[in-house]
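Colleague: Listed in order, the protein sequences are those of chains A and B. Each residue of the first sequence is one higher than the one before, starting from 1 at the first, in our numbering. Each residue of the second sequence is one higher than the one before, starting from 1 at the first, in our numbering.
Quick caveat, the hints were computed from the structure, so don't treat them as lab data. Heads up, a few of these hints could be off.
A short, non-exhaustive set of chain A residues, derived as facing chain B with CB atoms under 8 Å [as the list claims (entries may be wrong)]: (1) Pro-42; (2) Ile-185; (3) Trp-187; (4) Arg-188; (5) Thr-189; (6) Ala-190; (7) Val-191; (8) Ser-265; (9) Pro-267; (10) Tyr-268; (11) Arg-271; (12) Val-274; (13) Gly-275; (14) Glu-291; (15) Trp-294; (16) Gly-295.
Only pairs whose alpha carbons sit at most 16 Å apart, straight line, appear in this in silico EDC-like list of lysine to aspartate or glutamate [to be verified]: (17) B:Lys-431 - A:Glu-291; (18) B:Lys-372 - A:Asp-38; (19) B:Lys-535 - B:Glu-560; (20) B:Lys-431 - B:Glu-613; (21) B:Lys-675 - A:Glu-291; (22) B:Lys-10 - B:Asp-499; (23) B:Lys-538 - B:Glu-554; (24) B:Lys-372 - B:Asp-383; (25) B:Lys-372 - B:Asp-271.
Backbone N, C-alpha and C fix where the C-beta goes; we use that ideal spot for every residue, glycine too.
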Amino acid sequence: MSTTDVVAPATTDELVAALARATPMTRLLAGGTDLVNDIRRPGRQTDLLIDLSHMPALSYVRHDGDMLRVGAMTTFTELQADPLVHEHAFCLERAASQVGSAQIRNVATIGGNVANASPCADGATALVALSAEVTTLDGSGHRATRPLRDVLLGSGRTALTDGEAIVEFAFAALGNEHRSAFAKIGWRTAVSVARLSMALVVRFDPVAEVLSEVRVGLGAVGETAFRDAVLEGLLEGRPADEESARILAEGCADAVRRSIPGRYSLPYKERAAVGLAYDAWNALRICPPCEPAWG
Amino acid sequence: MTEDLRYVGKSYPVHDVAQKVTGELVYGSDLNFPGMLHAKLLLSPIAHGMVRSVDSSRAEALPGVIRVFSHLNSPADTYCRARIYPGQECAIDETLFSEHVRFVGDRVAAVVATSQAIAEAAVALIEVDYEELPALLTTEQALERADVPIHADGNLLYEHHIESGERVDTSGGVLVSSTTGTPRVHHAALEPHVCVAQGHSTGGLTVWTTSQGVYGVRTVIAELLGLEYHRLRVIKVPMGGSFGGKTEFILEPVTAFLAHETRRAVKLLFDREECIRATMVRPATETTIRTACAADGRLLDFEAATTLDSGGYAASTPDYADHMCEKVTRLYRLPHYDHRCQVVYTNTPVAGAARGWGAPEMITAVEIHLDKVARRLRLDPVDLRLKNLIQPFDIDPVTDMSLGDARVVECLERGAVAFDWTARRARARGKGRYRRGVGVACGAHKNGMFGHFPEASNMALKMNEDGTFELSASLHEVGCGVVTTMKIIVAEVLGVHPDLIAAGEADTSTTPFDYGTFGSRMTYVAGACAEVTAKKLKSAILAAAADVLQAPVEELVAREGVVYVAGAEARSVAFRDIARFGDMKHLPAIRAAVTYYATSNPGSYSVQFAEVEVDCATGLTAVTDFLAVGDVGRAINRGMVKAQFQGAVQMGIGYALYEHVDVDEAGRSGVDGFKNYHMVNAPDMPDIDVLLVEHEGDHGPFGAKSVGEIAMVPTAAAVVNAVNNALGTELSDLPLIPDRIIAALAASAGGGA
Ligand SMILES: Cc1cc2nc3c(=O)[nH]c(=O)nc-3n(C[C@H](O)[C@H](O)[C@H](O)COP(=O)(O)OP(=O)(O)OC[C@H]3O[C@@H](n4cnc5c(N)ncnc54)[C@H](O)[C@@H]3O)c2cc1C
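Only chain A is shown next, with the shape it has when bound in the complex (with noise of 0.2 Å):
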C-alpha cells in the first residue's frame, strides 16, 4: 500500500522548504473541503501532503496603498466579517456569503476555491471581476506574481506548477465611486454549487452619472470564470436606468448562449441570466430596483 506523508510547514522557510519536496503527486491542503473528496476517490495517491493550515501568517486582509491584499488562507467566514473587504470588495464579500454552509465557510479557503479551479467557483468569479492577481511562492523561495486570469486554465485546470502555492490575491480597492455585486443561482437556496452566477463591478460618476469601469465576471457558463468584454462594453458609458438593466440581462443570456452553444442547460440557463443580471443589477442600487415582465 502507498503511504502519504503529511508535513504542517508553520513558517514561509518551512513551507518553502516543504515544496522543495513536491512532485506531481503531491497536495497542498488548505480547508480540505474539495481535497478530500478528491484524495479518497479511488486511483488517487498522494506522496505528499503540505498542510497550510498551521500558517497563520498567509490568512489577512490588508489595504495596501490603492490595493486590496488578501492570503490564500482567508476563510470564506473571515472574508464574509471583515470590515476591508466590505468596503473595498462588496462582491466578494456576498460571494464568500453565499459559499456552501456555515460549517463549509469555516475551513475553506479563498486560495483553495481557486486553486481547485471549478467553473462555479464563487470566490474566483469574485476575484476575475475585481481583475485580481496571484502572488504564488515555490520550492526555490521564488514568488510571483501574474493576472488570475492567466492562472485559471479551465475546470479543473490551472497554470500552478508542482510545489507552487497561492500565498496571496491582490486587487485594487473599490472607491467610493464603486459599486459591485454578487450574484448566484444553485439547485436550492442554500449548500448548492452555482448553476450559473455574476460579479458585477461598476464606477458610477454622481456627477457624468454613467457608468465606468464596467467589470462583469460570469461563473459557472464556461470551462472557468471569466471576464466578458462584450457585455461590459455594453454598459461602459450607459447611465444607470432600467435600460441599462435590460441591456446587461440581454447581453448576460447572450454570452450565456456564446459559452454553452448546444448543451442542454443552455434553454434553462439563458432564461435564469436574465434573473441573474437583474439580481446583480438590483444589488448595486444604483437605481430603483426594476424587473422585467416575466411571460
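Once you have looked at the hints, place chain B with the ligand on chain A.
Modeller: Only chain B with the ligand this time, still in chain A's reference frame:
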C-alpha cells in the same frame, strides 16, 4: 377514555437518543471482531452484458487478500431479495454474482481481505472482460426490444389488472386524461448500507444487519446457503435510517456467503456512491388516468394504466404493482375502477421497497389528475374531493374489506379551515417574477398486511422480581420509534411508567417470530399484540395479588404499580413487593406470551396543504407554508407522530421538486453523492403544522393507526398542485426541477421567454 390515558398521547424521545447523542451507540459499521475481514465488491461498470472472463490472479497475489469470488466460484442459485417467509411467492431472479450483468452496479466479484484498503486496491486489480449487450434504459425500449431479454422470461416482468364495480353511463360527463411520471429516487438514509457476518467453525453463521426484518434475512440466507435455520442467527443492529431501502436483503446474502466460505467474520460496508448505484431505488412509474365525471364533480369512471420500471432485477416490484392498484378505492368512491399495471425490467438500478410502497407513486398521479378535473369543471379542488371521498366504514370494493373508521373527510374539512384554504386560493397569484399558489392533496394507506397473508405478531412479557418488566419481541427500530411505542402501550395497560419496561430489538435466536418493521404494520398489528400481551400479564399480576392479599380478584384494582382491594384501599401490594411478599411463589408465573392475529386493515389517511412561491426567472420553487393533517386513530407518542409528518414532508418536497436518479446513455447514474443528489435542506424547509384527527374506531392499540408511510403519501402532489396553481400550468412530470418549470413557462408564453 382519552382523559384516562396516563402515558399514551404524550411525547417521548426515541429509546436510544442518549446513546446517539453521546456516540455510545454501536452501529453496524462500528462492529469489529477478532480477525475480521473486509469485503469490497466489484460492481459492473456497464449496463448490460455478459461477463466473458474474470481474471483475479493479480488481485489474489496482493498480500492481505484472502479470496476473490465471482460467478465462477459461487453458487449459481437464484434468490429473491424481498422474500420474507419460506414458500412466499416472488420473482426469483438474482444470484450472488452475475455472469449476465443487468445494470451499472450489478455484483460481478468480491474481494475479501485483511483490511478495507487492501480489499479496495485488490478490486481494482481484477480484470473482467465483458461482451456488451444493448442497454435498455427505459420501459419503452425494454418492451420494444424483445430480442434483448434482460431475463430469460423476457422484459415484461409482471402484469396486474384490477377491476371493480360496473361501468355506468358516462355520456354527458366530462372526460379528463392525464399522465404523471414519478422519478426513481434514492432513499438517502444517512447511514450507508452495512452488514457483518461471522462464519463459525461449526458451520453455523451469525449475521448482524441493519435490516427491517431479521426473519426474512434468515429465510433468504438459509435457503441460499443450504443452512438449517437453527444454525443461522440474525441480529438487528441500530440503524441510521432506512425508508424502505434496507427492507430487502441486499448486502446480507453476499456477506453471509463470504463469511460462510471463509469461516471468518466479514464486514461489507458501502459508500454513498455504492448506495446510490447498487442498493435499491424507489421505482420510477408512469401512470395514465382517464376519468369521467358528472357535471357536479362526482366521479363516474376511473381507468388507470401504470408502467413501473423495475430496473435490473425484480426485487419487490410485482408486489408494489399489486399495491398500486389498491390505493385509489381506499380514497375515493368509484362506481367503476379499472387499473392495469405492468412491471418492466430495464438496465437501470434495481427498484424496490420505499416508504409508502406504491402509495406515493399512485396517489401523486391521482391527485394531480383530480386538480386537472377541478380546473375543467371550474370546481374548487377541496369541493371536488369532498364529493368523492370515501366515508367511515365504507367497504373497499377492491379488497372487499372495511376501511374502518376512515376520517379523511374530516381531515380535509378541518385542514381547509386551519389552512384558510378558501381565502388563500382566492388570493392573486401575482404577475411579477414571483408567483404564489396553494395546493391540496389527499392520501390513503393501509395498516399492515392483513388481506394479503396471515398478519400476526408474537410477544412475550414478564415481570422481574423488583416489579420492572421485560418485553421480548422482534422489534426493528428504523427511526420511527417502535421500541418506545411498544413501551408506552405496555406501560399504559399496566399502569406503570414506560421507563420501567425494557424492550430490545430483534434477534432470531432470542426474540419470537415477527415479519418486521414495514408495511405500516408495527403500531396497528405489533402494537395491538403488545396491548393484548400486557393485558394478559396484568391478569397474572392480579391473580398473584389476589393470593397475596387474600381477596377475590374481581375486587382488585391496579394503579401506578400498586394493587388495591377496591373499597379497602389500605389493603394493597405494590408490583415490586409481590415477589418478596409472596416468597417467590407467584413471580415465576407472572409472564405472558401471545400470538396476535390481525383481523382488519383499515385505511390511514392524510390530507396536506402546501403554499409555494415560484421564481419565474430561476424556476426555483420555495415551499412557504405547509399543513399536514393525519387520521392516525390515536397518537401513541405524540411528538414522534408529528416528527413522522415533518420528516415525511421533507421527503415529499424532495420527491416533488428535487430528487431523481437519472441515467445517461450508458445507463450510468448522473448522481454519485449528496453533492449532486439534492434533497431539501433546512434553509428551504417551510414551517410545518401538523393537525391530528383521533377517533380510535379501529383495532389498533388505544385506537392507533399507522403513520410512518401515510405521512408522505400526499406530500408531493400537494406541492405540485400548488405550483400548477401558481403558474397556471399542468406540470405532472416529477420532479419539477427548475429546468422543467422554465421550459413550461417558455412554452406557455408561446415559445418566447
Ligand atoms: C458541502 C460543500 C459545499 C460547497 N459549496 C461551495 C459553494 O457554494 N461555492 C464554492 O465556490 N465552493 C463550494 N464548495 C467547494 C469548496 O468548499 C471551495 O472550493 C473551497 O474554497 C475550497 O477551499 P479549501 O480551503 O477547502 O481547499 P482544499 O480542499 O484544501 O484544496 C482545494 C485544492 O486547492 C489546492 N490548494 C489549496 N490551497 C492552495 C494554495 N494556497 N495554493 C495552491 N493550491 C492550493 C489543493 O491542493 C486542492 O487541490 C463546497 C464544498 C462542499 C464540501
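Colleague: Which hints, by number, does the structure contradict?
Modeller: Going through the list in order, the structure violates hints 18, 21 and 25 and respects the others.
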